[in-house]
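Residue 146 in the numbering used here sits at position 158 of the sequence shown; the count goes up by one each step and never skips.
Because the hints were derived from the structure by calculation, they are not lab data.
Note that the structure is predicted; figures quoted are calculated from it, not measured.
The reader is advised that the hints may include incorrect statements.
To be verified - DSS-like mimics (lysine-lysine), calculated; alpha carbons at most 27 Å apart, straight line:
no.	residue 1	residue 2
1	Lys13	Lys43
2	Lys13	Lys32
3	Lys119	Lys42
4	Lys42	Lys13
5	Lys91	Lys60
6	Lys60	Lys119
7	Lys13	Lys40
8	Lys91	Lys43
9	Lys43	Lys32
10	Lys60	Lys32
11	Lys43	Lys60
12	Lys91	Lys40
To be verified - Here are the computed distance ranges between Cβ atoms for each label pair:
no.	residue 1	residue 2	range
13	Pro135	Cys172	16 to 24 Å
14	Pro103	Glu188	32 to 40 Å
15	Lys43	Pro135	43 to 51 Å
16	Arg67	Asp187	20 to 28 Å
17	Thr115	Arg1	33 to 41 Å
18	Lys91	Gly28	21 to 29 Å
Each residue gets a CB set at the ideal place from its N, CA and C atoms; glycine is no exception.
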Amino acid sequence: MARNAHPEVTERRILDAAQGIFFTKGYENTSIQDIVDQLGDLSKGAIYHHFKSKKAILDRLTENDWQAANAKYADIAARTDINGLAKLRLMIQESIGNEQHNKLNQVSISFLDDPQTLASNLRFWATELPKRWQPFIEEGVRDGSIPTAYPREAAELISLLSNYWLLTHFYPATRSELRHRVTCLATMLTAIGVPVFNDELIDLTVSFYMSYNA
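Please put together the full structure from these sequences, using the hints given.
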């Protein structure tokens, strides 16, 4: 058998096919055979040559999604036409307004029922994710758009509460109950000088988290 001269092309095809099936059938209902059938010209062995398991495919999709988010973060951070508050609001909008990102989150949400996976994510939300928000908050402090004495704590609040407390997977809620919860978070942040949530962002946030109930 001839060696594949462009393995990255094959991996991209596998990822694209798997992602489409995950989004339509759900992760648990997708088999490697489904991916083989979708591609048409690759065997199970060929797929396992590139990815050791179905979970490894999902992990790569998640990593690619994170890298895309980092690129968007860098683009927003580099802008000179908006202040720190606007950057923070825009980054939140980008995080919850990306349809592909949202679908991937919905596919992955069941893994948080595993205690080890949840603990790992909690560590990430506590130690790594705040680094995405804090520089924008600190920029807002410098330019006067975010008058807070708690930039680090605000970044931690956004990271932890938005990834745990607002998730209806953990805290089931009707739309009105969820809106009340998001408004509570907005009020807390405003009280410490981080008025990032306007009505438009509250509406977008509620719609995003309600999609987990679908």
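To see whether the hints hold, each was checked on the structure:
| no. | hint | result |
| --- | --- | --- |
| 1 | Lys13 <-> Lys43 | holds, 15 Å |
| 2 | Lys13 <-> Lys32 | holds, 19 Å |
| 3 | Lys119 <-> Lys42 | violated, 30 Å |
| 4 | Lys42 <-> Lys13 | holds, 14 Å |
| 5 | Lys91 <-> Lys60 | holds, 18 Å |
| 6 | Lys60 <-> Lys119 | holds, 14 Å |
| 7 | Lys13 <-> Lys40 | holds, 21 Å |
| 8 | Lys91 <-> Lys43 | holds, 16 Å |
| 9 | Lys43 <-> Lys32 | holds, 15 Å |
| 10 | Lys60 <-> Lys32 | violated, 35 Å |
| 11 | Lys43 <-> Lys60 | holds, 26 Å |
| 12 | Lys91 <-> Lys40 | holds, 23 Å |
| 13 | Pro135 <-> Cys172: 16 to 24 Å | holds, 21 Å |
| 14 | Pro103 <-> Glu188: 32 to 40 Å | holds, 37 Å |
| 15 | Lys43 <-> Pro135: 43 to 51 Å | holds, 45 Å |
| 16 | Arg67 <-> Asp187: 20 to 28 Å | holds, 23 Å |
| 17 | Thr115 <-> Arg1: 33 to 41 Å | holds, 35 Å |
| 18 | Lys91 <-> Gly28: 21 to 29 Å | holds, 23 Å |
In summary, the structure is inconsistent with hints 3, 10 from the numbered list given earlier, while agreeing with the others.
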